[in-house]
Amino acid sequence: MGTFKKGGIHPPQNKLTAGSPIVTLALPRRVELLLSQHIGAPATPIVGKGDIVVRGQEVAKSSGFVSASVHTPISGIVKKIDTVRNVAGQPVTAIIIEADEENHLADEERRTNKTRVRSDEELERLTVEEIRAIARSSGLVGLGGATFPASVKLAPPKESKIDFLIVNGAECEPYLTCDHALMRESGDEIVKGVELMRRACDAPEAIIGIEENKPDAIEILAKASEPYAAIRIEPLKAKYPQGGEKQLVKAITGREIKSGCLPASAGTVVHNVATAYALYNAAAYGVPVIERVVTVTGKDLSRPGNFLAPIGMRLGALIDYAGGLREDSGKVILGGPMMGRAAINLDAPMVKGISGVLVMAEDDSHRRKEEPCIRCAKCVDVCPMGLEPYLISTYGRLRLVDEAQQNGARDCIECGCCSYICPASRPLLDYIRLGKKLIADKIQREKINK
Amino acid sequence: MSGVFFAIMVLGGTGIVAAVLLSIISKKFYVKEDSRIAEIESLLPGANCGGCGQSGCHAFAVACCEAGNLDGLDCPGGGKDAMNGIAAILGVENHGGPAKVAVVKCAGECNERVRSSYYDGAKSCAILATCGSGESYCVYGCLGCGDCVDACVFDALRIDPYSGIAVVDDSKCTGCGACMKVCPRNIIELRPYGPRGMRVWVACSNKDKGAVAMKECKRACIGCGKCSRVCSHEAITVANNLAYIDAVKCKLCRKCVDTCPTDAIHKTNFPEEKVYSNQPTGSDSAVN
Numbered sequence: 001m002g003t004f005k006k007g008g009i010h011p012p013q014n015k016l017t018a019g020s021p022i023v024t025l026a027l028p029r030r031v032e033l034l035l036s037q038h039i040g041a042p043a044t045p046i047v048g049k050g051d052i053v054v055r056g057q058e059v060a061k062s063s064g065f066v067s068a069s070v071h072t073p074i075s076g077i078v079k080k081i082d083t084v085r086n087v088a089g090q091p092v093t094a095i096i097i098e099a100d101e102e103n104h105l106a107d108e109e110r111r112t113n114k115t116r117v118r119s120d121e122e123l124e125r126l127t128v129e130e131i132r133a134i135a136r137s138s139g140l141v142g143l144g145g146a147t148f149p150a151s152v153k154l155a156p157p158k159e160s161k162i163d164f165l166i167v168n169g170a171e172c173e174p175y176l177t178c179d180h181a182l183m184r185e186s187g188d189e190i191v192k193g194v195e196l197m198r199r200a201c202d203a204p205e206a207i208i209g210i211e212e213n214k215p216d217a218i219e220i221l222a223k224a225s226e227p228y229a230a231i232r233i234e235p236l237k238a239k240y241p242q243g244g245e246k247q248l249v250k251a252i253t254g255r256e257i258k259s260g261c262l263p264a265s266a267g268t269v270v271h272n273v274a275t276a277y278a279l280y281n282a283a284a285y286g287v288p289v290i291e292r293v294v295t296v297t298g299k300d301l302s303r304p305g306n307f308l309a310p311i312g313m314r315l316g317a318l319i320d321y322a323g324g325l326r327e328d329s330g331k332v333i334l335g336g337p338m339m340g341r342a343a344i345n346l347d348a349p350m351v352k353g354i355s356g357v358l359v360m361a362e363d364d365s366h367r368r369k370e371e372p373c374i375r376c377a378k379c380v381d382v383c384p385m386g387l388e389p390y391l392i393s394t395y396g397r398l399r400l401v402d403e404a405q406q407n408g409a410r411d412c413i414e415c416g417c418c419s420y421i422c423p424a425s426r427p428l429l430d431y432i433r434l435g436k437k438l439i440a441d442k443i444q445r446e447k448i449n450k
Numbered sequence: 001m002s003g004v005f006f007a008i009m010v011l012g013g014t015g016i017v018a019a020v021l022l023s024i025i026s027k028k029f030y031v032k033e034d035s036r037i038a039e040i041e042s043l044l045p046g047a048n049c050g051g052c053g054q055s056g057c058h059a060f061a062v063a064c065c066e067a068g069n070l071d072g073l074d075c076p077g078g079g080k081d082a083m084n085g086i087a088a089i090l091g092v093e094n095h096g097g098p099a100k101v102a103v104v105k106c107a108g109e110c111n112e113r114v115r116s117s118y119y120d121g122a123k124s125c126a127i128l129a130t131c132g133s134g135e136s137y138c139v140y141g142c143l144g145c146g147d148c149v150d151a152c153v154f155d156a157l158r159i160d161p162y163s164g165i166a167v168v169d170d171s172k173c174t175g176c177g178a179c180m181k182v183c184p185r186n187i188i189e190l191r192p193y194g195p196r197g198m199r200v201w202v203a204c205s206n207k208d209k210g211a212v213a214m215k216e217c218k219r220a221c222i223g224c225g226k227c228s229r230v231c232s233h234e235a236i237t238v239a240n241n242l243a244y245i246d247a248v249k250c251k252l253c254r255k256c257v258d259t260c261p262t263d264a265i266h267k268t269n270f271p272e273e274k275v276y277s278n279q280p281t282g283s284d285s286a287v288n
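Here the protein sequences line up with chains A and B, keeping their order.
Here the first sequence is numbered in the numbering used here, starting from 1 and rising by one per residue.
Here the second sequence is numbered in the numbering used here, starting from 1 and rising by one per residue.
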């Protein structure tokens, strides 16, 4: 069983919801759809105040090559296009849609009785261009959390020959089980989605990498992929950050992606299993990305679970389905505990990139006291990119931009292994991020000066 | 014994030869440095703050000597005294502008701003600024982690423990602008020191619409424009829901300070006003 060679850690798994089925949440009466739910240019609204919209309708179209359109999960009336606050408390533009009782019942009906728009035979006949167009028109983005528009990754540059499509089912973050639940319940759909992706990237082989701690998922997907000669499952030894693009490619193919290069340079394209599922849903049922599976978990919640949650619903409501916040809950993290970010505003709407909502107890949510570096080099041992985190973080703190750049700050994937392992509890990643930001600012300045 | 003698001879001889060679070379390759550079440098603060735009105090002294005049050259750290001294050394006139001082354009103290969260990451404004709106919902105000304090080589800034906002010490601030460059929210501005230090400025950077700004902070400028209407010197402009006072046009009449509904306009170093009360003060007399 393979894994990546350099660094990595084994944090406690804490997969409280590993066995939980996916619970479909009732559609909300009001959604706030952010125009920027992806990496790249924000989408442009194509509806106005007072317009009537139907579930699945495009309400904002992608405004560039690297951009993604936004669709509404509920039918109703566009109340306004206004500034709302996102989870980080920043003002952003959103389309606010409200549904009445009649709309609501009709939507629930549509949701339960999905109609096929293409049969499996028709799917097999889809051309490469058609698959990419489906990804583009359905607002498909990387649902692992990076939210990079999937249509761009499905169209790799012509000069790079793609040998492998790597599908990420590793789910190496502690606590998160949304991909696991999806693989267990929708193995067939995922494999069909992977097949569509494989054809779109023109890859001769597709490999789904799954960590060994999900034996049921491995079994189900292995069975589902039997009819497809080009798809195989690769069980992987559990280690964080296996789901990192570069780590996953290394673990499965043994290939190394050079510094500053995309996976395509090593003849690979990496997608998430949830993205594959969403692509199949869009192609077979014509359902764009309007819902996604989210793990709502934490030791503080009474009913943690995996939920199929509509995009645009209030995050606070999502937590209420899982038992609600306790008075003394410490903090809420969006994503996993290693790479996720703490939420400031729980009235913010759900967006495409949220794979998990983690409620931390008060005791677990504080950082330990920072102590001086004892030069133990544990951060160097665990860095999956082979960097020297103690050094780069010092350069970041001292704002020595050039030195940080020379020492590979931009190769940092922000997995947080260094901060996790540091016995002196130093905020290594915080300062590395600062260094990366300063480098990006510098490059931006140089571009403007030219 | 002869070994010791031999060693002394060899080492001593080598030393004498090297000394002679070095003295000849130092005469031959002597670089004549402008004696004024050292003189000028002795007038400068020596903090190498970079406020003059040069890499340090020595570089500034060299630049002064090379330029021959003081146009566009200013040492904010040394202030007027240093510049006049330099002008005397160079035998030119000093046309330097007014002395400047840093002001913090935020007054959103802890109890004025609605707290959204607690931050316990690395203590750096630059990092906190990347984590969203910070500890309040105002995305324009002071973050209070003290990047400016670290940047100040003159020890002129501190974070007030009660308000959580950076405070400038007028007597120490030299107007070098190091704090201004490092502030991720650009809320520090260099303004003229003013006569006897008297200054009036808008202590807010919030560009949100009035109603939104009000919710975020009780001391926010809501862009109502009352100050610009009351100003008889046309010194105040309101743009992007935020008022700005032009320090050159401002005659320090302080009408705007009194009229601001959110107390967002600050004044400093004015003599204390005498309080005349129209109210009958005498509850004592009423009893008697």
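Worth flagging that the hints you see were computed from the coordinates, not collected in a lab.
Bear in mind that the values here come from a model prediction, so they are computed numbers and not experimental data.
Take the hints with a grain of salt, since some may be wrong.
Listed next, the stretches of chain A that the computed footprint assigns to chain B, with coverage defined by at least 3 CB atoms under 8 angstroms from CB atoms of chain B [what the hints assert, rightly or not]:
1. 311–324
2. 341–349
3. 423–433
No farther apart than 16 angstroms at their CA atoms in a straight line, the calculated lysine to aspartate or glutamate pairs in the EDC-like style are these [claimed, not checked]:
4. A:K331 <-> A:E362
5. A:K6 <-> A:E371
6. A:K369 <-> B:E109
7. B:K218 <-> B:D150
8. B:K172 <-> B:D81
9. B:K123 <-> A:E371
10. B:K80 <-> B:D120
11. A:K80 <-> A:E108
12. B:K181 <-> A:E362
13. A:K223 <-> A:E189
14. B:K209 <-> A:E370
15. B:K123 <-> B:D150
16. B:K123 <-> A:E370
17. A:K331 <-> B:E41
Computed far set for chain B versus chain A, every beta-carbon distance over 12 angstroms [stated by the list, open to error]:
18. A7
19. E33
20. N48
21. Y119
22. L128
23. S133
24. Y137
25. V139
26. A151
27. Y162
28. V182
29. K209
30. V212
31. H233
Just so it is clear, CB atoms sit at the ideal spot from N, CA and C, and this is done for glycine as well.
- Task: Go through the numbered hints given earlier and state which of them the structure violates, listing their numbers in rising order.
- Result: 1, 5, 6, 7, 10, 11, 12, 14, 17, 21, 22, 23, 24, 25, 26, 28, 29, 30
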